[in-house]
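Engineer: So the chains spell out like this:
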Amino acid sequence: MNALVEQSEPSVEIALQFDAVSMEFPDGTIALDEVDLTVERGEFVSVVGPSGCGKSTLLKLASGLETHTGGEIHVDRSHLGYTFQDATLMPWRTVLPNVELLMELRGVPAEERRRIAMEQIALVGLEGFEDHYPKRLSGGMKMRASLARSLALEPNVFMFDEPFGALDEITRERLNDELIELYLRKGFTGLFITHSIPEAVYLSSRVVVMSRRPGRIIAEYDVPFEWPRTPELRYDPEFTRLAGEISVALRKALEG
Amino acid sequence: MALKTLTRSARTQTYKPVPVTPPPGPVKRFVSAVVPPVIMGLLLIGLYAWVRSQLPPHRLFLMPSAQGLWEQAFSKPEVLQELWERSLVTISIAVCGLAVSIPLGMAIGIVMFRFHVMERAVFPYLVALQSIPILAIIPLIQSALGFGFLPKVLIVALFTFFAVPTTLLLGLKSQDPGILNLFRLQGAGWRKMLWKAGLPSAAPALFAGFRISTSMAIIGAVTSELFFLAGKGGLGQMLINAKTEFKYEQMYAALIASSALSIGIFLIFTWVGNLLFSSWHESASRRG
Ligand SMILES: Nc1ncnc2c1ncn2[C@@H]1O[C@H](COP(=O)(O)OP(=O)(O)OP(=O)(O)O)[C@@H](O)[C@H]1O
Ligand SMILES: [Mg+2]
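Top line first, the protein sequences correspond to chains A and B.
With my numbering applied, the first sequence covers 1 to 256.
With my numbering applied, the second sequence covers 1 to 288.
So that you can see chain B by itself, here it is in the shape it has in the complex:
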């Protein structure tokens, strides 16, 4: 390069420094985190109220008012009692379903990681399984397994299965190859590598999978019960019962309870995930 021919170029655009302020303090951050969702919530409630005000009187029952919800559902101890008991049933179905899907999903994730041929063989069917509308096969499950606890557990397992092996496989595959080389240099076998390197390094990804699965589990449990009305069931059964008895306020109460459960589980897992991983994992250190 001919250095001598280089001259200082004359800039024609003007530019001047602008002040850059430090990030806002905790109060401001809190306000900016809380105010937008609150406003959005109020808008949604406003929209609900407006739609309700447009309904003809004989259809008003479809959209209960806050007062109605309170008077017909949440202020009544027997309704609260029922919500509580049925929530426990729903949770137990969800937990049993997860007790099937999580260990099985992890085992399949590990097998797919360990044996590449298994990944090729199994992965397409995982995706296919995910694409089956589970609602559509519930009648089939019913015919095969009857109306007891077991078929509901199976339905939850189907709902929650997909996220576990896929996130685990992804996590295991994105391990630091340098760390694995350290293991190889010491002659460590794959079990040691999996236990001491693979699983810890995949744990944050796997945990994200758990978070999806567990909140899906409540949806799965509620859905399964819509089809199984025998015996004392969970929130799903309460939804159907309340509808047939025209107790729409109670139906809404059951709906609210089931989404509260889902959200609650999601938040608990987010919190536990932060607790477990924020000390070392980059992406977990800041709340989304």
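Chain A extracted, bound-state conformation:
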């Protein structure tokens, strides 16, 4: 094997790659400036950064909701999961048809759709709530339904834009554990945006810190803890140390 082949066929498989990606909005706002980020298959990467630094933009570019203005993005969009800060459930649909929506849009036959949706609903612990309207669900339950909706597509790459940001801490920590369980069970590649450093450390195999706008990546931290992770980890001195280190990096990013 010569060096050239080795270069074009890396030993790890890449799930998502940003190559000097820049984004300038039509109004002249430069949201991202030559961002390089490689996410390997099966990794769970969290992104933290100052508000307005372009984290959501990163996901919108990867998913194709927005088109980047510079650089290259490598991604397979055929099985992409994407959850937003809001659960974005259709208020006029009960949980079951809400979970079916994405499959419906892809033309999955009704019966199969129903079967898969029921499985996902069970997986996120919403059994018995299939016929409830979102109005009658708590914030955490809405988020679970939203996760189930994405899971139904069996995503290879699953992107999360501050999905638990609006939840209380107890619910958030529970959903963190449930998300880890889903991650280990389904084996998707995760790209997770959050404002909470402990959350980023708890969930991820790697944490990426972004600078102020225009966003670029200024630091990366490997998270060494074993899977599955348990709540006690949050009080582990090593956990606290790593979170502290990221916190310092973030504060530096804020100062510019």
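Treat each hint with caution, since some may be false.
Stated by the list, open to error - Restricting the straight-line Cα-Cα distance to at most 27 angstroms, the calculated cross-link-like pairs of lysine-lysine (DSSO-like) are:
| id | chain 1 | residue 1 | chain 2 | residue 2 |
| --- | --- | --- | --- | --- |
| 1 | B | K76 | B | K243 |
| 2 | B | K232 | B | K76 |
| 3 | A | K135 | B | K196 |
| 4 | A | K60 | A | K186 |
| 5 | B | K196 | B | K173 |
| 6 | B | K173 | B | K192 |
| 7 | A | K135 | B | K192 |
| 8 | B | K196 | A | K60 |
| 9 | B | K192 | A | K60 |
| 10 | B | K232 | B | K243 |
| 11 | A | K60 | B | K173 |
| 12 | A | K252 | A | K60 |
| 13 | B | K247 | B | K232 |
| 14 | A | K135 | B | K173 |
| 15 | B | K76 | B | K247 |
Don't read these hints as lab results, they were simulated from the structure.
Dock chain B with the ligands against chain A, hints included.
Structural biologist: Chain B with the ligands in isolation, oriented as in the chain A frame:
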């Protein structure tokens, strides 16, 4: 901030807890919902009676008494029969007018939403149309279309048109953009977005538009007939006929019947709207 210099501030005002009681039970709620309008109604009837008592005898016919209404109108089977038949005519004019204005209004609402340039082009004329005093152009419609059923339908359509495209457009525009992003991510086209996201989410607003339009439809139908006296017409014609024949009690009866129709339709739509939307829509869940 220098935390050490902060001390507990001494409050000078006194404040003490006051009891807060739970909301009243169903009986009390019912009473408080029913009593004020009943009292208001009685006051209005009292006012009517007082004004009537001030009229000179030769003008008393302008304001019939309850007894007169009963004896000359509502107790007479032939008058009731006429009210019934004419109500059906009025309703059929109203329904045909709505059958024109609602689909057309929805189509225009959708087109305005889909093509922003169409919104800019059409919306000002919708407002302009709304500002035309329809009564004033009825003679024109008459000259153009004659005295048949069709011109009346057109008048109703004009009366009821405005609310449909405007409420639909408003509803479509206030969709949750997050849901639309889900559709975009799956590569769904605008037709799918409209059918599965836009129309369901705009439905409560559109329905409010229907509620306005349908109760306007009766007014439109009655008004249209004031100008079209040929043939067997609806309540509007009865109003005019009763007046020319000096049967003021019957005129009042026709008036009462037409407002009962309007109110009835409004209530039916309110009820259906509650039925359709209260399970999921925030604002529809409580009766106004
Ligand atoms: N459509 C747009 N047009 C112009 N500027 C935009 C647009 N969308 C986002 N921006 C700007 O781009 C920058 C990055 O936005 P983005 O939403 O990605 O930030 P973020 O890091 O997700 O922020 P937050 O943490 O508050 O969610 C912001 O300054 C924002 O104002
Ligand atoms: Mg964001």
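Engineer: Does each hint hold? Answer for all of them.
Structural biologist: Verification of the hints:
| no. | hint | in the structure |
| --- | --- | --- |
| 1 | B/K76 with B/K243 | 18 angstroms, holds |
| 2 | B/K232 with B/K76 | 20 angstroms, holds |
| 3 | A/K135 with B/K196 | 19 angstroms, holds |
| 4 | A/K60 with A/K186 | 23 angstroms, holds |
| 5 | B/K196 with B/K173 | 15 angstroms, holds |
| 6 | B/K173 with B/K192 | 16 angstroms, holds |
| 7 | A/K135 with B/K192 | 24 angstroms, holds |
| 8 | B/K196 with A/K60 | 23 angstroms, holds |
| 9 | B/K192 with A/K60 | 21 angstroms, holds |
| 10 | B/K232 with B/K243 | 16 angstroms, holds |
| 11 | A/K60 with B/K173 | 22 angstroms, holds |
| 12 | A/K252 with A/K60 | 26 angstroms, holds |
| 13 | B/K247 with B/K232 | 18 angstroms, holds |
| 14 | A/K135 with B/K173 | 21 angstroms, holds |
| 15 | B/K76 with B/K247 | 13 angstroms, holds |
Going through the hint list in order, the structure satisfies each hint without exception.
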